[in-house]
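Q: Residue numbers (the working numbering), protein chains in the order written: chain A, 1 to 301; chain D, 1 to 362.
Source of the hints: derived by calculation from the structure; they are not laboratory data.
The structure displayed is predicted, hence computed values, not measured ones.
One or more hints might be untrue.
[As the list claims (entries may be wrong)] Covered by chain D, per the in silico footprint, the following chain A stretches (three or more residues, Cβ under 8 Å):
#1 112 to 123
#2 210 to 220
[As the list claims (entries may be wrong)] Dumping the calculated DSSO-like pairs for lysine-lysine here, alpha-carbon to alpha-carbon at most 27 Å:
#3 K197/A - K79/D
#4 K171/D - K66/D
#5 K187/D - K171/D
#6 K79/D - K171/D
#7 K260/D - K197/A
#8 K66/D - K79/D
Where a beta carbon is used, it is the ideal one built from N, C-alpha and C, also for glycine.
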Amino acid sequence: MTGGVATGKAGPNAAGLRRDARGERIALFGLSLPALALVVVTMVIPVAWLFWLSFFADDGSMSLVNYRRLIEQPSYRRIFLATFEIAASATAICVLLGYPLAYFLSQLPQRLANLCMIGVVMPLWSSVLVRTYAWLVLLQRQGLINGWGMKLGLWDQPLTLVHNLGGTLIGMVHIMLPFLILPLYGSMRAIDRDYLKAAANLGAGPTQAFWRVFLPLSLPGLFAGGLIVFILCLGFYVTPAVLGGGKVIMVANRIANDIEIFFNWGAASALGVVLLVLTLIILWAASRLVRLDRVFGGHGP
Amino acid sequence: MTRGASLPIAVRQLGKSYGPVRALDDIDLDIHSGEFLTLLGPSGSGKTTLLMVLAGFTRPDHGSLKFGDAEVIRLAPHKRDVGMVFQNYALFPHMNVAANIAFPLRLRRVATVETARRVEQALDMVQLAGYGARRIEQLSGGQRQRVALARAIVFEPRILLMDEPLSALDKQLREHMQIELRRLHDKLGMTTVYVTHDQREALTMSDRVAVINRGRIMQLDAPRRLYEQPANRFVAEFIGESTFLPVEARDGAFFYAGEKLKLPDGPAPDGRCLLMLRPERLQILDGAAPGDVNVLRGIVRNVVYQGDSFLLQARLADGSEIGVRGISTRGAMAAMPRPGEAVMLGLGPDDTVLLRDDSGSP
Numbered sequence: 001m002t003g004g005v006a007t008g009k010a011g012p013n014a015a016g017l018r019r020d021a022r023g024e025r026i027a028l029f030g031l032s033l034p035a036l037a038l039v040v041v042t043m044v045i046p047v048a049w050l051f052w053l054s055f056f057a058d059d060g061s062m063s064l065v066n067y068r069r070l071i072e073q074p075s076y077r078r079i080f081l082a083t084f085e086i087a088a089s090a091t092a093i094c095v096l097l098g099y100p101l102a103y104f105l106s107q108l109p110q111r112l113a114n115l116c117m118i119g120v121v122m123p124l125w126s127s128v129l130v131r132t133y134a135w136l137v138l139l140q141r142q143g144l145i146n147g148w149g150m151k152l153g154l155w156d157q158p159l160t161l162v163h164n165l166g167g168t169l170i171g172m173v174h175i176m177l178p179f180l181i182l183p184l185y186g187s188m189r190a191i192d193r194d195y196l197k198a199a200a201n202l203g204a205g206p207t208q209a210f211w212r213v214f215l216p217l218s219l220p221g222l223f224a225g226g227l228i229v230f231i232l233c234l235g236f237y238v239t240p241a242v243l244g245g246g247k248v249i250m251v252a253n254r255i256a257n258d259i260e261i262f263f264n265w266g267a268a269s270a271l272g273v274v275l276l277v278l279t280l281i282i283l284w285a286a287s288r289l290v291r292l293d294r295v296f297g298g299h300g301p
Numbered sequence: 001m002t003r004g005a006s007l008p009i010a011v012r013q014l015g016k017s018y019g020p021v022r023a024l025d026d027i028d029l030d031i032h033s034g035e036f037l038t039l040l041g042p043s044g045s046g047k048t049t050l051l052m053v054l055a056g057f058t059r060p061d062h063g064s065l066k067f068g069d070a071e072v073i074r075l076a077p078h079k080r081d082v083g084m085v086f087q088n089y090a091l092f093p094h095m096n097v098a099a100n101i102a103f104p105l106r107l108r109r110v111a112t113v114e115t116a117r118r119v120e121q122a123l124d125m126v127q128l129a130g131y132g133a134r135r136i137e138q139l140s141g142g143q144r145q146r147v148a149l150a151r152a153i154v155f156e157p158r159i160l161l162m163d164e165p166l167s168a169l170d171k172q173l174r175e176h177m178q179i180e181l182r183r184l185h186d187k188l189g190m191t192t193v194y195v196t197h198d199q200r201e202a203l204t205m206s207d208r209v210a211v212i213n214r215g216r217i218m219q220l221d222a223p224r225r226l227y228e229q230p231a232n233r234f235v236a237e238f239i240g241e242s243t244f245l246p247v248e249a250r251d252g253a254f255f256y257a258g259e260k261l262k263l264p265d266g267p268a269p270d271g272r273c274l275l276m277l278r279p280e281r282l283q284i285l286d287g288a289a290p291g292d293v294n295v296l297r298g299i300v301r302n303v304v305y306q307g308d309s310f311l312l313q314a315r316l317a318d319g320s321e322i323g324v325r326g327i328s329t330r331g332a333m334a335a336m337p338r339p340g341e342a343v344m345l346g347l348g349p350d351d352t353v354l355l356r357d358d359s360g361s362p
């Protein structure tokens, strides 16, 4: 930069320095452009398109008939209710299974814990479809579990482990568990061991130290993991379709039906829009409850 | 909170190894009831390990630890009933100030009213009255330090442990807190074990200081004795500034540069000796040397002005570099010899300290 002659109150080089600052901001913003473009193309445009579609009736006329149907037909309300119940159940089971595991991992030496975390994350490397069918192989009437159970004489008749809600939940919990454990483990690792030492020093036995100090400090991570799991569960399609045996209909399954069987894009779009809005409402409510920037790993002031 | 009971601590043959490293090398240590004792040493010396054994967080390989008459070496930390101030304070971030301080009382099932009263009293004691409802993250470093202290004393433990509690504070606040901690100790009277690597802090606060190096206690003494009669070269170098000159022993007397040293009365060490020089105990002599001091002759290398004091660096005839520190009065600065000039330095017999030369062995 050539040093311009200072003009007015601005000191030497003021204009040039301001220009440099602006240039840096623009360059930084440029880094986010590819991702932004991707989001617009794959998310914003299709969602807007769906939104648009949902206002057209079968005959192509513009109307609110799709939304009216959602309200008037009790079957739709049942599907939404079932979806939320299944998502809540899967989340609850994930918490019950995942919290002790994350706690155990967080107490291991770092290197060993890293090794174990690979085990936790590994299922994410294979497709949901593969894992879902793997559960089918295990759980079906002639599957591995029934086969062994009867061979060992634990039960006589094959148990109905799949093609029902139970099978669906088993599959969903298995797929969702890493999403709970990852943020939870992270927040547990971040808890300074000195807090537990201090609790012990002040007279808290291990149990009291856990309930009064460790658990409260791990709640943000638990909340983050639970929220992610719950929201992902709301949109499940493959697992209820394969393991539910037609008895477990979640919103996504109904959307697929509307399109594949009835070719009713308007109805399907309206379902999608309502599910999206409900999800956003949940996120908003969650953000009122807890500061999400802290929950999702950022550190507040 | 009034002056409460305190307990003596007896450590016997305490050993702890981490692989080949002996963090505690068969330590024996008696801490008197009500004493303020500081464990002083460089990092990795074992001082923190020793404190963690006292608190029960580190399990030693062997040894005995008694609080009063009770053997506690295998007692779980939460049953030891000692207060502790952690280096990073370890205040629970999900509780406010009052809840933090009430924590040990709630665990002891103290009644609610009594708890509130004692929390107030503890806050008062650390000069934070009215801060009970504050969140921890709203407090400054110094305030957190005080809350940590209040939490450690509120259940009136008879032993208080502190792990470098002032190291995160800036210099001014640190010096202020040193005085305040000591005053609080005198008021409460609990046996206090304090860990620091700051020798000035140790000298300022302690009744006695245990200088620790490589898992061993090098010297256990009152601050003044520690400074004036260090047991060995390590202690002399770790506490205060010092330089060492080789000394010749002949016919029951000691010589430096051919001159017989005038020594204080009393026994002198035997074997190879070193003369310990503290910069502030030397004085610049002008004109004739008085007959009752030891005189060192050298050439001025440079003079550094440091505000309240000056530091003159000189080279002696045998090549040793020594420092002289004095108060930077105008007169002293005006009479200061210049670099390259010859200078005579006087050392009173009382300040002429000989040490056994243990260089090579720790």
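Q: If a hint holds in the structure, say so; if it doesn't, say that too.
A: Checked hints:
Only residues whose beta carbon comes within less than 8 Å of a beta carbon in chain D count, and the region 112 to 123 of chain A has 0; fewer than three means the coverage is violated. Counting residues of the region 210 to 220 of chain A whose beta carbon lies closer than 8 Å to any beta carbon of chain D gives 4, which reaches the threshold of three, so the coverage claim holds. With a CA separation close to 13 Å, the supplied pair K197/A and K79/D stays within the 27 Å bound. Between the alpha carbons of K171/D and K66/D the distance comes to roughly 36 Å, so the proposed pair goes past 27 Å and is violated.
Distance hint between K187/D and K171/D is fulfilled; the C-alpha atoms sit about 24 Å from each other, no more than 27 Å. Of the pairs offered as hints, the one joining K79/D and K171/D is violated, with about 36 Å between alpha carbons and a cut-off of 27 Å exceeded. A C-alpha spacing of about 58 Å is found between K260/D and K197/A, which places the hinted pair above 27 Å, so the restraint is violated. Of the supplied pair hints, the one linking K66/D and K79/D holds, its CA atoms being roughly 14 Å apart against a limit of 27 Å.
The earlier numbered hints that this structure contradicts are 1, 4, 6, 7.
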